[in-house]
Amino acid sequence: MSRFFTYLFIGFTFFWGLLCFGDDQARIIIIKSKPITPYNLTVSSFKKSFSKKYNSLKIEEILCSKSVQSTQKKLQEINSKFHTDFIFCVGTPAIKVSEIINDSIPRLAALIFSPEKKNYNFPCISINPSAKQKLAKLLQLFPKKRNIGFIYSDNSSADMTNFLTACEQYNLNPVFEKVSNPKTFSEKFEKIIGRCDCYIMFPDSRIYFPKTVEFLLRTALDKQKCTVGLSSVYTRAGTLLSFECDFEDIGKQSADLAFNMLENNFSSGKKTISPRKLTYSLNLIVADRIGVSFSKKIIKNAKYVVEK
Amino acid sequence: MKIGLSTKITIFFVLQTLISGLLLGYFLINLQKSTLLEQFDERANLLLDSMAVSSEFPLLMADKTALSKIGNYSLRRRDVVFCQISDSSRKTMFKEGTTFEKIGLKKYTKTVVTKKMLDNDAEDMILGVGTLIKEEIGTISLYFSLQNLVNEQKKVKKTIFAIVSCSILISFCLIFVLARHFVTHPLRELIMGTNKISQGNLDYKVPVKSSDEIATLAKSFNKMSEELKKAEAQNKTLMKDIESYNEKLEKSNKDLQNFVYIASHDLREPIRKISAFGDLLSSSVQDQLDEDQRENLDFMIDGSERMQTMIEDLLTYSRVTTNAKPLQEINIHEIVDDLIKLELAYPIEESKGTVKILGNLPLVKADPSQAHQLLQNLISNGLKYQSSEKKPEIIISGEDMKNGMIKIFIKDNGIGIPQRFTKEIFAMFKRLQNKNRFKGTGIGLAVCERIVSRHGGEIGVESTEGNGSTFWFTLQGTI
Numbered sequence: 001m002s003r004f005f006t007y008l009f010i011g012f013t014f015f016w017g018l019l020c021f022g023d024d025q026a027r028i029i030i031i032k033s034k035p036i037t038p039y040n041l042t043v044s045s046f047k048k049s050f051s052k053k054y055n056s057l058k059i060e061e062i063l064c065s066k067s068v069q070s071t072q073k074k075l076q077e078i079n080s081k082f083h084t085d086f087i088f089c090v091g092t093p094a095i096k097v098s099e100i101i102n103d104s105i106p107r108l109a110a111l112i113f114s115p116e117k118k119n120y121n122f123p124c125i126s127i128n129p130s131a132k133q134k135l136a137k138l139l140q141l142f143p144k145k146r147n148i149g150f151i152y153s154d155n156s157s158a159d160m161t162n163f164l165t166a167c168e169q170y171n172l173n174p175v176f177e178k179v180s181n182p183k184t185f186s187e188k189f190e191k192i193i194g195r196c197d198c199y200i201m202f203p204d205s206r207i208y209f210p211k212t213v214e215f216l217l218r219t220a221l222d223k224q225k226c227t228v229g230l231s232s233v234y235t236r237a238g239t240l241l242s243f244e245c246d247f248e249d250i251g252k253q254s255a256d257l258a259f260n261m262l263e264n265n266f267s268s269g270k271k272t273i274s275p276r277k278l279t280y281s282l283n284l285i286v287a288d289r290i291g292v293s294f295s296k297k298i299i300k301n302a303k304y305v306v307e308k
Numbered sequence: 001m002k003i004g005l006s007t008k009i010t011i012f013f014v015l016q017t018l019i020s021g022l023l024l025g026y027f028l029i030n031l032q033k034s035t036l037l038e039q040f041d042e043r044a045n046l047l048l049d050s051m052a053v054s055s056e057f058p059l060l061m062a063d064k065t066a067l068s069k070i071g072n073y074s075l076r077r078r079d080v081v082f083c084q085i086s087d088s089s090r091k092t093m094f095k096e097g098t099t100f101e102k103i104g105l106k107k108y109t110k111t112v113v114t115k116k117m118l119d120n121d122a123e124d125m126i127l128g129v130g131t132l133i134k135e136e137i138g139t140i141s142l143y144f145s146l147q148n149l150v151n152e153q154k155k156v157k158k159t160i161f162a163i164v165s166c167s168i169l170i171s172f173c174l175i176f177v178l179a180r181h182f183v184t185h186p187l188r189e190l191i192m193g194t195n196k197i198s199q200g201n202l203d204y205k206v207p208v209k210s211s212d213e214i215a216t217l218a219k220s221f222n223k224m225s226e227e228l229k230k231a232e233a234q235n236k237t238l239m240k241d242i243e244s245y246n247e248k249l250e251k252s253n254k255d256l257q258n259f260v261y262i263a264s265h266d267l268r269e270p271i272r273k274i275s276a277f278g279d280l281l282s283s284s285v286q287d288q289l290d291e292d293q294r295e296n297l298d299f300m301i302d303g304s305e306r307m308q309t310m311i312e313d314l315l316t317y318s319r320v321t322t323n324a325k326p327l328q329e330i331n332i333h334e335i336v337d338d339l340i341k342l343e344l345a346y347p348i349e350e351s352k353g354t355v356k357i358l359g360n361l362p363l364v365k366a367d368p369s370q371a372h373q374l375l376q377n378l379i380s381n382g383l384k385y386q387s388s389e390k391k392p393e394i395i396i397s398g399e400d401m402k403n404g405m406i407k408i409f410i411k412d413n414g415i416g417i418p419q420r421f422t423k424e425i426f427a428m429f430k431r432l433q434n435k436n437r438f439k440g441t442g443i444g445l446a447v448c449e450r451i452v453s454r455h456g457g458e459i460g461v462e463s464t465e466g467n468g469s470t471f472w473f474t475l476q477g478t479i
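The listed protein sequences correspond, in order, to chains A and B. Residue numbering for the first sequence follows the working numbering, beginning at 1 and increasing consecutively. Residue numbering for the second sequence follows the working numbering, beginning at 1 and increasing consecutively.
I should point out that these hints are in silico values taken from the structure, not numbers from a laboratory.
Below, a list of computed lysine-lysine pairs in the DSSO-like style, where the Cα atoms sit at most 30 Å apart:
(1) K96(A) / K117(A)
(2) K115(B) / K66(A)
(3) K134(B) / K66(A)
(4) K110(B) / K95(B)
(5) K391(B) / K423(B)
(6) K223(A) / K69(B)
(7) K191(A) / K95(B)
(8) K251(B) / K430(B)
(9) K188(A) / K95(B)
(10) K91(B) / K183(A)
(11) K134(B) / K96(A)
(12) K178(A) / K91(B)
Isolated chain B, as found in the complex (with noise of 0.2 Å):
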């Protein structure tokens, strides 16, 4: 559910005011109950006070009757349930009521003194300047019912929980309307200049009316799309060159592949005859050539030979982008069996060495030419990179990684790759080894990872120097 800043705010109050209106309620209840306690006890000694001076003749003159009077008078006052009257010997001269009461009782007792002159002080009383003493001449006792008291507590309470309650709704409404109109309204504009701007109108301005917080953010809201436009203006300044940088930047691209395709296809016709004629050559003149001749004559050949391999490597190279074809659901499985049965039949014998494939490998969305090549690279390297004492062991394998993409690994047991390298050895031209030890251009491992890159995938090495390689790569899965 929703809940709107007003309302959290007016809950927060309201919260807020029903424990300031508890603690004041509690407060005024215990003050009110002291009050009227207070009133109950003044009112009692009020009674009693009169009723002792009421009945301090009768005391004195033991008048039964006007005792009787007395007490009567008391018990018919409001809460007075019992009275008892006694004179100075305790002997009791007027007894009447009861002394049970549900919601209970409260005793007074006040003692009736009497003001009599000094015996033998005749003199004195002639003069009118004797000295009074109090003597005691009884007791009153009067039991109060606490019924009225209790009663009007409860009517105190009600009151004030109804005062309370009024004062909770009143700040309620009160709440929710300044909160409305001096919180939320402010940032509802906030947040339509918010949404505005998202927009796009960088030219809307929100509403400053006060100066306060909210007030001082619309200003810094304000100041802040000022700047945005300024921003955006710069910006379509530098998306133009941008966009003119990338035109440019495509066209060179472009130029240079057709230069490199170019380059490397026409540049294969001459060699070719180089590499044809060069051999005649050898095979008519061989007799007539001296063994410096003959070695020159190799050289040449040798050379044009390797010129070749590395335009059809560059050819290949290039094509991973010009001869590119839709991606679609290929058997990693079949094309390693067809590479074990056609392309790498022979240096598999020759290096008699074996290829496994562990398990079933999954099927993956690729261009099939390109997937063939990249696992040709990758299956030949590991047959091609091995110590003469061994025999090349490579197995293949995949895994599913759950996000949508197949690791494929192929394992050696060749030469390894040193730790430093294993990044390097994915560049153009870039090669660890002596090219008279193992022959190669360079190409073959960066042609696999511009492949892998235009599936988006990912490509790389684990090695140990040594103790060989395990080359993975990652393309789409099928599902």
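Chain A on its own, in the form it takes in the complex (with noise of 0.2 Å):
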């Protein structure tokens, strides 16, 4: 008899362990700010690479509407079912619907603009790549430009900062002018342009909007400077290429944090991370106009290129 027993505690354990150790489920609630692609290549990556992970993963997904009390409401009454164990918020707006959830809930943002600025208690995942990263990719596609232009306003002072300390690091010379009154943008870009070999832009709104970039453009072209836009967006505008983060990656990357928040129990507390992978963008038409000519290795390696 105490045989039996023993055999039923040895299988008990057994079983209560195989149970404890396999517990590889999962239930997270993704929201998505907009349903545009690069979110949905986030997500979906960030799906894929997680679902690597456990056995059993169940995931609702919310796409944020124009009213934010309305998808706040959808997101509770999901949740009150659901029992979620982890947020994942891709893009600004996503992190205002999710506040409405109790903070106990672990989570985590990615594709956020400056969050080092933001007040946000737990990890979020940067959409722009840090200075230091574009200026690292830079100096390797054109090693002889060392005069790096910039315009900034008070809204992008710290950018500004980050990329004068980037400067100052790789040893190139910034030329830069602050526009206090964007009816001076012209006469500041004008003012620097010539003075630089090559000009990058801040996602600043308050500088930047349909005619300064249309103007920035057109007098780099004339001028045949080198511009660096946001995105590549830009670099089909006319920017000669963009820098910008791999959307797939920020998913994967996404997916690996998650990954650990969940299993060993990470701090939740506030933490801006940059994106791992950087990405380029060529226009082969303005570097053809400007006479910039790249190698193929180069226009291999880029993410989107404008052919001529």
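Put the two chains together into one complex; each comes in its own frame, and the hints tell you how they fit.
Pasting the structure below:
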């Protein structure tokens, strides 16, 4: 009889252990800000990577509507039935929606612009590669270009600071002007464009809007200067090249982070994480106009190329 | 002035064309006016749009030099006389030109807008999906002179006027030719046919060349001429018959008149003998006859005397046509005077009556003896048919009827004639009174009627029984 109980105990313990150690179940809610390709790529990459880590994965995906309240209501409803273990926010609007859910549920955000400026108490993967990453890549592509031009406003002063630091690191010569009034943009731009080899744009909506971008591109083309845009959208519009993060890799990066957070009780404190991988896009038409040539390898490695 | 049918039709259609042309012209001018105005607006708005695009960046950058170039470029454009570009705070960035124009000005304004992203939307900026918002950054005002528009409208008016005038001229010629060919010419052929038929050519046929109303009329006309031809043939036959009857009638009349004349003339002699010898017999055997025999003899003598009078009267009646003399100018006044003095002197005196002539009786054209007879009969009737209580009063007067005829009135104060007999009394042997009271044959007034008829006049009487009668007759005047 005692033997029977001994076996029973061993068997129970074994199955319990199996149940505990094999608890590779996860319930995740993904909140997507917009139904756009970069977000879609990140989300699908995240799901794909995450599913490899768990045998049983339950994912609920919510797309933010125009009304934050209605999306929050929908999120609450889903969460009350679903009892989520983790929330993954893609884009800033998704973070705003997720605020309705208790802070005790761990969360991660990706594709957020300058998260360090905001007061989020969970990790965020930035959408913009760091100044250091960008300049390093720039030097790879144009080793001879030493004078780097910038125009910034109060909105982008942090970026400017980052770039100045990075320039110092890479021994580059920054040429920059501050624009207090957008009306002085053309004047300032014309002032610096002659003195720089390459001009890098900041994501600053106070300075850059369709007309100023048009002016910038036209003037740079006239003066045969390199311009670095914010994403492949700008490369298509007429910048020579643009640096941007790899959205699929951000999905994978997010999946890895999420797994760590769930498995190792990763601290959900404030943390800004830069994208791991930097990609670039090229506009060969512009390159041809300004007399710049790229090696086949550079062209091949480009994520997107505007062909001649 | 004689206006032909083709001219009338032409005038009618030309008027119609003119009215339609004017209406069409008015419509076209208005249409063209609105089209020109639309084109003007379109040109102006196009210029404004292009200026707005060009001045978007200069306005954003407050670039007065660039704005000045844009403004001056617009002023070089036709019709633009004034240009003003202001920024969003209504501050004038460019102002040039004049706002005075004789003909008039039209102002066009365009707000210049630019597209911007929302602040702090850097994420969307990187992704290239941000929502762009429109922001007003300035205003462009252009004043356009209407001079060229007015000139163009004048040109259009002239062109339309020329087109309408030409169309009226062409339609005039066309309608005139067509009206002549299709209306006037067939009608002329009809008129020619009518003339030929009126000239007696009933064999003429109007040519029928079409199937319209005029052709139907021509067919009817030809049918009518055929009917006329038939009717003429019938008329000829009838005329022959009438002529034959007339000849017979004239012969019969002549025979009758001869018979009356011969009968009355030849009967007069034996009757006169009966009367004369009756008187002789009466005076020679008066003492030998008893009362009845004497009365019978008196009846015989009286009968022969009345027979004699009747024959005389019949002879007078027949002489109206047989002894007719040519008409000549006569004085009725003189005839009446002669009658009063001679033929009617005894009856007037016997009846103690009076015969008066009112005024001067006009001259007439008549057979003197028959006029004499006419007046004598009428005056003697007035003296004869009188009540015993009254003295006869005869008044003769005359009146110029203004139609070339003279009307003579013989008014008496006699017994009068009942209204119903005023026409019958002119018939032969018609007597209204007992022959024992008023002697007579009933031929006198018939003679009067025959005389007046022969002179182309009329005779009549107006009378009230018991209040006298007024006989009248008309004869030709001398003028």
